[in-house]
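Spelled out, the chains give:
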Amino acid sequence: MTLDRSVSSKSRILILGIGNTLLGDEGVGVAVIDHLKTLGNIPGDVELLDGGTGSMVLLEPMREARRMILVDATADGSPPGTIHRLVPRFSTDFPPSLTAHDIGLRDLLDTFYLLGETPEVVLYAISIRFPQEINFGLSAEAAAAVPRVADQIRLELGF
Amino acid sequence: MSNRIVIDPVTRIEGHLRIEAVVENGVVKDAFSAGTMVRGIEKILKGRDPRDAWAFTERVCGVCTTVHALASCRSVEDALGITVPKNAELVRNLMFCAQYVQDHVVHFYHLHALDWVDVVSMLKADPVATSKLAQSLSPWPKSNPGHFAAVQKRLKSFVESGQLGIFANGYWGHKAYKLPPEVNLLAVSHYLDALEWQKELVKIHAIFGGKNPHPNYLVGGVPCSFNLEELNAINTERLTHVGSLINDAITFVEQVYIPDLLAIASFYKDWGAIGGGLQNYLAYGDLPTRSYGDPSSFLLPRGAILNRNLNEIHEVNGKDANEIKEYISHSWYQYSGGDGVGLHPFKGETEFNYTGPKPPYEQLDVGGKYSWLKTPRWKDHAMEVGPLSRMLVAYAKGNTDVKELVGVVLKKLDVPVTALFSTLGRTAARGVETQVVAHWMKGFFDDLITNLKNGETKTFNPIRWEPDTWPATAEGVGMTEAPRGALAHWISIKDRVIDNYQLVVPSTWNASPRDAKGQRSAYEEALIGTPVANVEQPVEILRTIHSFDPCIACAVHLYDPEGKQVHQIQFS
Numbered sequence: 001m002t003l004d005r006s007v008s009s010k011s012r013i014l015i016l017g018i019g020n021t022l023l024g025d026e027g028v029g030v031a032v033i034d035h036l037k038t039l040g041n042i043p044g045d046v047e048l049l050d051g052g053t054g055s056m057v058l059l060e061p062m063r064e065a066r067r068m069i070l071v072d073a074t075a076d077g078s079p080p081g082t083i084h085r086l087v088p089r090f091s092t093d094f095p096p097s098l099t100a101h102d103i104g105l106r107d108l109l110d111t112f113y114l115l116g117e118t119p120e121v122v123l124y125a126i127s128i129r130f131p132q133e134i135n136f137g138l139s140a141e142a143a144a145a146v147p148r149v150a151d152q153i154r155l156e157l158g159f
Numbered sequence: 160m161s162n163r164i165v166i167d168p169v170t171r172i173e174g175h176l177r178i179e180a181v182v183e184n185g186v187v188k189d190a191f192s193a194g195t196m197v198r199g200i201e202k203i204l205k206g207r208d209p210r211d212a213w214a215f216t217e218r219v220c221g222v223c224t225t226v227h228a229l230a231s232c233r234s235v236e237d238a239l240g241i242t243v244p245k246n247a248e249l250v251r252n253l254m255f256c257a258q259y260v261q262d263h264v265v266h267f268y269h270l271h272a273l274d275w276v277d278v279v280s281m282l283k284a285d286p287v288a289t290s291k292l293a294q295s296l297s298p299w300p301k302s303n304p305g306h307f308a309a310v311q312k313r314l315k316s317f318v319e320s321g322q323l324g325i326f327a328n329g330y331w332g333h334k335a336y337k338l339p340p341e342v343n344l345l346a347v348s349h350y351l352d353a354l355e356w357q358k359e360l361v362k363i364h365a366i367f368g369g370k371n372p373h374p375n376y377l378v379g380g381v382p383c384s385f386n387l388e389e390l391n392a393i394n395t396e397r398l399t400h401v402g403s404l405i406n407d408a409i410t411f412v413e414q415v416y417i418p419d420l421l422a423i424a425s426f427y428k429d430w431g432a433i434g435g436g437l438q439n440y441l442a443y444g445d446l447p448t449r450s451y452g453d454p455s456s457f458l459l460p461r462g463a464i465l466n467r468n469l470n471e472i473h474e475v476n477g478k479d480a481n482e483i484k485e486y487i488s489h490s491w492y493q494y495s496g497g498d499g500v501g502l503h504p505f506k507g508e509t510e511f512n513y514t515g516p517k518p519p520y521e522q523l524d525v526g527g528k529y530s531w532l533k534t535p536r537w538k539d540h541a542m543e544v545g546p547l548s549r550m551l552v553a554y555a556k557g558n559t560d561v562k563e564l565v566g567v568v569l570k571k572l573d574v575p576v577t578a579l580f581s582t583l584g585r586t587a588a589r590g591v592e593t594q595v596v597a598h599w600m601k602g603f604f605d606d607l608i609t610n611l612k613n614g615e616t617k618t619f620n621p622i623r624w625e626p627d628t629w630p631a632t633a634e635g636v637g638m639t640e641a642p643r644g645a646l647a648h649w650i651s652i653k654d655r656v657i658d659n660y661q662l663v664v665p666s667t668w669n670a671s672p673r674d675a676k677g678q679r680s681a682y683e684e685a686l687i688g689t690p691v692a693n694v695e696q697p698v699e700i701l702r703t704i705h706s707f708d709p710c711i712a713c714a715v716h717l718y719d720p721e722g723k724q725v726h727q728i729q730f731s
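Those protein sequence lines, which keep their order, are chains A and B. Just so we're aligned: the first sequence equals residues 1 to 159 in the numbering used here. Just so we're aligned: the second sequence equals residues 160 to 731 in the numbering used here.
Isolated chain A, as found in the complex:
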């Protein structure tokens, strides 16, 4: 979260990557944010947020966005590195296997939808192998998915 936002509340687009970087590929969502930062050229109304293992503290940036792109790992049994784009309407629409990475993600999503006035949400779910080892760094499959997801997001948002 940056403090001085040149763009006022509810007009920003939030790109939120979440995951536990201490658990190998579970950190792939955060890696996408880092990659987008490296590429640069981010429009003024787009906020990149490394959500890490943050839980309820993420409510504030999520509630203040008009549109949100969430990037997370999922253990859905698809080949590692598979990318799915989903448009959930409620917390119950999220894949149950969105990885846990110590984040109270289900609680976060429940309260996010309960509070209402939710922005448009798009979820990029990246399939990972399950379970993951305690390790810092990505597998080859997850690492290969990172620029692909970043490119799709850039295409979707036109930057």
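Be a bit skeptical, because a hint or two may be false.
Once the Cα atoms are required to be at most 30 angstroms apart in a straight line, the calculated DSSO-like pairs of lysine-lysine come out as [stated by the list, open to error]:
1) B:K571 with A:K10
2) A:K10 with B:K362
3) A:K10 with B:K312
4) B:K291 with B:K571
5) B:K291 with A:K10
6) B:K370 with A:K37
7) B:K362 with A:K37
8) A:K10 with B:K301
Listed below are several chain A residues computed to face chain B (Cβ distance under 10 angstroms; list not exhaustive) [what the hints assert, rightly or not]:
9) V87
10) L114
11) V122
12) F159
Per label pair, the in silico range of CB-to-CB distance [to be verified]:
13) B:V500 with A:R154: 50 to 60 angstroms
14) A:R85 with B:P626: 43 to 53 angstroms
15) B:K291 with A:E120: 38 to 48 angstroms
Quick caveat, the hints were computed from the structure, so don't treat them as lab data. By construction, the Cβ of each residue, glycine as well, lies at the ideal position given by its N, Cα and C atoms.
Assemble the complex: chain A is given as a structure, and chain B must be docked to it using the hints.
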């Protein structure tokens, strides 16, 4: 008749805790707590720069991130003999207090209230009567009948839209729920208010830590640049924002949280005699008013209480090899010196040895190893940690703010002082602590402003920043209090990199399995004697476990594709 109840998972937030309770004639006779906290953080940290450790440990948990960073910085500072500047101590205290107030309030409304509040009953409440009740309890402005009618309608349409949210996984309609519909509506309304408010409060972390989640810390100080006039520094405008967030926090706690806590507790006074459990309490303490190296200056004092004897506070030393030790007799690890010994964290070993059943399974083999949590002991005593322990140590040490507020709460509820040693007491202690900490936060803020106005802006002590100033070997411990209890990190530095790193987290103290002598830990002991009216809906067990604010999130836990938790984690 004897039943074995298995509750897995127990945590309302995602976490990984399993309770097996043996119920006979409607009462818990025995209990086993199993966690799948596997600690492998040292595997990642070994060989790294000690100055970077905080950034890794901060990510082990999504709930208490800042306290892990704090404990980590302190462990390195302790090892290298660094004292942080006064303003750095104040900023750390402000971060600490903001986390406590936010975390305790979220625990109460989001994680614990629904053990006492029946959200379905709320739909039957009369908004006019709820409004009258609200106005009799507190000056909090959102209390007119229209407001409560709107909350009712909103939740009804939420459920009708096919969403479950907080309505999921409840034992609604259970006879153990005793609140009138109006109190239920009031609590649910404040649950929504709390969610909105807490997201503002945590901006304090972003202001001082540069970002949130996972704010920045710094070995030797805090990464804050103060300049009252400078646009890009922490300036007057930002500090004014912090000041107003602190005032809002005090208002919310005094006008919403505490009145709700007392109103709800008054219907459940019988819980002042249930769930006491262990008679020993441990607090590392925190909130230095001089420096971290001087525990006598802590507002939350350090100490241990044995056998509920509040007349004697024992000294606690994190470095003494004979005080804190971890056992693995019932944990899926092995020690090179045999599984019966206890190891001080400086000598800690993390060698996995899973001998449990292959999941999914019906029951754990509780005679053998049955948990991924190690069992910490203080001088071989099983200890409870958390707000109750902190408030008891503060009370026994004569802290006037704590003594006064504990007295007020006991009087308002009309319960004896022994009611503190209970499920109700644990939940009340958390409320008491929130209120005193919110006021202390204001005090720390005022001190910081005074220092800045006097031109004192130093936030970093550069001594020993450069590795060539370090000794060949060094050991340190960083002690703090996470909202849910005593937390410490132990670091060994060799040749300027991390050689060993061990965390002992609050839920290890409370949720661990039995020790080598068969002594139960806090959760297991607290459940003994708990009444269970309906073994299919053991809400009473959840009340006691949730009163500890379980969070096994420093754990590693994973879910299978159906969203069910699994117990075995693979390691290379």
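Taking the hints in turn, this is what the structure says about them:
1. B:K571 with A:K10: violated, 44 angstroms
2. A:K10 with B:K362: Roughly 17 angstroms separates the two Cα atoms, so the pair holds.
3. A:K10 with B:K312: Given pair A:K10, B:K312 holds - Cα atoms ~25 angstroms apart, limit 30 angstroms.
4. B:K291 with B:K571: Holds. B:K291 to B:K571 sits at ~20 angstroms (cutoff 30 angstroms).
5. B:K291 with A:K10: Status violated; Cα separation ~35 angstroms.
6. B:K370 with A:K37: holds, 15 angstroms
7. B:K362 with A:K37: holds, 23 angstroms
8. A:K10 with B:K301: holds, 24 angstroms
9. V87: violated, 16 angstroms
10. L114: holds, 5 angstroms
11. V122: violated, 19 angstroms
12. F159: violated, 22 angstroms
13. B:V500 with A:R154: 50 to 60 angstroms: holds, 56 angstroms
14. A:R85 with B:P626: 43 to 53 angstroms: Holds, since A:R85 and B:P626 (Cβ atoms, about 46 angstroms apart) stay within the stated range.
15. B:K291 with A:E120: 38 to 48 angstroms: holds, 41 angstroms
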